[in-house]
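In order, the protein sequences belong to chains A and B. Heads up, the first sequence is in our numbering, so the first residue is 1 and it goes up one at a time. Heads up, the second sequence is in our numbering, so the first residue is 1 and it goes up one at a time.
The hints are simulated quantities; they were obtained by calculation from the structure and are not laboratory data. Note that this is a predicted model, so its numbers are computed, not measured. Any given hint might turn out to be false.
Okay, derived cross-link-like pairs now, DSBU-like style, lysine-lysine, Cα gap no bigger than 35 Å in a straight line [claimed, not checked]:
#, chain 1, residue 1, chain 2, residue 2
1, A, Lys114, B, Lys298
2, A, Lys230, B, Lys298
3, B, Lys298, A, Lys60
4, B, Lys414, A, Lys239
Covered stretches of chain A (in silico footprint by chain B; criterion: 3 or more residues with CB under 8 Å from a CB of chain B, positions within the stretch not fixed) [as the list claims (entries may be wrong)]:
#, region
5, 125–131
6, 179–188
Glycine included, C-beta positions come from ideal geometry on N, C-alpha and C.
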Amino acid sequence: MSDLEQATVKETKPGGRFFQRFTREQRYMHGVLFTTFLGLAGTGLPLRFSESIWARGLAKGVGGFGAILFFHKFFAVVLSIAFLIHLKEIFTRGILHREKGVFWGPNSMVANWKDAKDLFGHLRWMVGLGERPHFDRYAYWEKFDYWAVFWGMIVIGFSGYAMWFAPFFAHFLPGWALNAALVIHSEEGLLAILFIFSIHFVNTHLRPDSFPMDMVVFTGVESEEEFAHKRPMEYARLKRDGKLEARLGEAPQTWQVHFSRVIGTIAIVIGLTLLVLTLTAYFS
Amino acid sequence: MGEAASFRSLLIELFGRLTNGVVCRGAGRRMRWGMLAGVLAGSLLVTNAGRLQAQTDCLGCHDNAEMQDASGHSVAVDGKTFNKSIHGTMKCNDCHQNIKEYPHPAQVAKVDCKGCHADEAQGLAGSVHADSKEHPCTSCHGSAHSIFPKADSRSAVYPLNIPNTCGKCHSNQGMAQKHGLASVYPKYMDSIHGFALSKEGLLVAANCQSCHGSHHILSRKDPASPTNRVNIPKTCGSCHAKINDDYMGGSHGKQMAAGNVKAPVCTDCHTAHEILHPTESAFRMQSTPICGSCHKDKLSTYRDTFHSQLGSLGGYVETARCWDCHGAHEILPASDPKSPVNKANLIKTCGACHAGANASFVQYQPHANAHDRKLNPALYYVRTFMNVLLASVLTFFMIHTLLWLIRARYNQIKEKKTVGGDHE
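Could you put the whole structure together from the sequences, leaning on the hints where they help?
Okay, here's the thing in structure tokens:
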């Protein structure tokens with residue numbers, strides 16, 4: 001990296017200090033999650049709207065339906081493995097090692113009373129009725145994203161596998177459950193697609209605070225200014241406890257930033273394209 | 001060498017000997033000599049008998065390939081070919097009846113085939129091709145002097161040649177439009193029958209006349225036509241006998257036999273000219289909507305299933321279409337014990353694709369209607385729950401995120417910052 005490029009990066013991120021928010025494993029997990037999610041959405045939507053012209057075009061483009069189904073199952077298996085790894089990690093950290101803060105406290109994804117207060121406080125602030133709440137490490141909408149994916153994984157995954165291995169699942173499920181599986185799978189899938197490609201994209205990446213995308217999930221670090229601004233409660237707590245320095249991270253390399261921008265842009269463009277296709281198919 | 005030609009060369013030789021033994025062999029000269037010899041021979045015969053007797057009398061002149069009448073039409077006859085043709089043993093004036101002697105009148109009467117072929121002419125008279133000006137016999141049978149028996153591969157009506165013969169007119173868009181007919185020739189040639197005929201050379205493959213007949217071709221609107229929908233099962237059944245039996249034993253055939261002309265016949269599903277092999281993806285793609293054009297409610301509920309979603313995308317043709325479960329020709333109501341969708345047969349029917357299908361598996365409803373609370377209550381409530389979940393989550397977050405966006409943008413403008421719209 002040239003000195004000039006280094007200087008440019010530093011200019012756009014004043015303050016110079018960067019703090020770690022996500023571990024390498026968490027970033028990879030997000031990478032696998034959004035890659036397989038885009039793959040599943042891209043191969044699932046043509047199925048959901050199989051009567052539309054673009055669905056047939058898309059199916060033809062990837063090699064007919066046999067190929068679409070193959071890729072859908074392939075992404076599903078990869079995502080399932082990622083989910084199982086995540087469950088194993090929660091189990092190991094939370095139950096085997098009895099690590100503090102996995103199931104409660106500011107570092108946990110489990111919702112608490114503050115999240116409810118934050119939601120109402122945030123809504124009040126939006127309409128100009130109060131101060132903005134001071135968010136901690138995980139804000140309520142971030143926890144919602146997490147649990148939406150968690151619930152979606154179970155619901156979509158289970159109904160998907162029930163259809164994939166229908167004769168096997170029929171040993172313990174009634175016949176109508178196989179009918180229900182498709183309804184649940186496609187409705188929940190649709191919800192996930194609409195939610196991620198509109199709400200999650202805007203809440204996390206496209207809102208003025210992070211526009212055009214929040215790089216922290218790609219680089220793992222964020223500038224001190226961003227940290228203090230977005231999660232003031234966590235920042236203040238770490239500072240008070242003298243633990244801030246322990247969270248210091250390295251400034252992202254220029255290639256990392258550029259690479260992440262390209263990947264993130266591609267993901268957002270694919271997502272928004274699928275969103276438009278979904279909406280046109282849904283309302284036509 | 002044909003009789004006429006050998007006779008002609010004999011004459012040439014004779015004539016040559018008479019004229020100091022000079023035999024002219026140059027092509028152009030030979031022709032002139034030939035003509036001269038013919039004229040001489042003709043006049044000899046006229047002098048002798050006063051009448052034209054044999055082909056050779058005429059071919060003496062007309063065997064010249066360049067011979068034309070006053071208005072420039074060819075009046076040449078290839079004696080060699082004619083000699084081998086089905087009419088080869090006949091005299092010219094058996095057909096050209098107003099020519100009795102030489103020289104013959106400049107105006108020659110049109111040949112009327114029905115003098116001999118009365119049955120065919122009668123059949124043709126009542127047919128769609130009745131107009132003899134537009135459809136002279138020769139339009140199908142080819143040049144009058146080279147007609148061969150229909151079992152002869154040189155015949156224009158030899159089974160393997162029929163599509164080309166009919167196609168001369170029936171592949172013509174202009175003619176198709178004029179008569180309100182489809183240009184059927186290309187469709188037929190790409191069909192399973194066309195392939196069997198043109199690629200495999202199967203004489204038994206259905207050609208145009210197998211279904212339409214030959215001389216007495218009637219419009220399909222005519223109840224007597226073999227292509228009238230009432231007669232179609234019988235027409236197709238003349239080759240596909242087993243399938244016809246199956247069809248007549250099924251609901252559709254029984255309806256047809258009972259006089260319900262709206263009941264589907266072979267061509268409704270298979271089409272008339274573009275008949276494809278039933279395992280071909282194009283056929284599997286096109287047929288479900290055909291069943292659905294009558295069974296509308298069944299098509300709409302089928303559309304909601306995975307079978308349809310997969311199948312609609314094409315390429316993946318194995319997914320169950322109507323006839324994979326209901327049967328194709330002997331379609332029976334589910335209450336009939338012989339029906340593949342009868343409860344007792346479901347494990348076998350579903351098991352054809354879903355190995356390991358059990359009693360619980362076959363309770364799956366391939367035509368479930370999630371909108372019908374009475375028929376499919378469990379499914380109805382599942383769908384309702386999912387819809388409420390979807391609507392409430394999206395509605396709440398739409399409002400939430402829109403408000404947030406507006407507020408953040410407002411702060412951003414107010415504070416004239418390029419980043420950090422949420423700053424207070």
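Here is how each hint holds up against the structure:
In summary, the hint linking Lys114 (chain A) to Lys298 (chain B) is not supported, as the alpha carbons are separated by about 52 Å, beyond the 35 Å threshold. Annotation: proposed proximity of Lys230 (chain A) to Lys298 (chain B) is violated, straight-line Cα distance about 55 Å (limit 35 Å). For a cut-off of 35 Å, the pair hint linking Lys298 (chain B) to Lys60 (chain A) stands: about 27 Å separates their Cα positions. Using a Cα cut-off of 35 Å, the hinted pair Lys414 (chain B) and Lys239 (chain A) holds, with the two alpha carbons roughly 30 Å apart.
Coverage of the region 125–131 of chain A by chain B holds in this model, with 5 residues showing a Cβ closer than 8 Å to a Cβ of that chain against a need of three. Counting residues of the region 179–188 of chain A whose CB falls under 8 Å from any CB of chain B gives 7; the rule of at least 3 is met.
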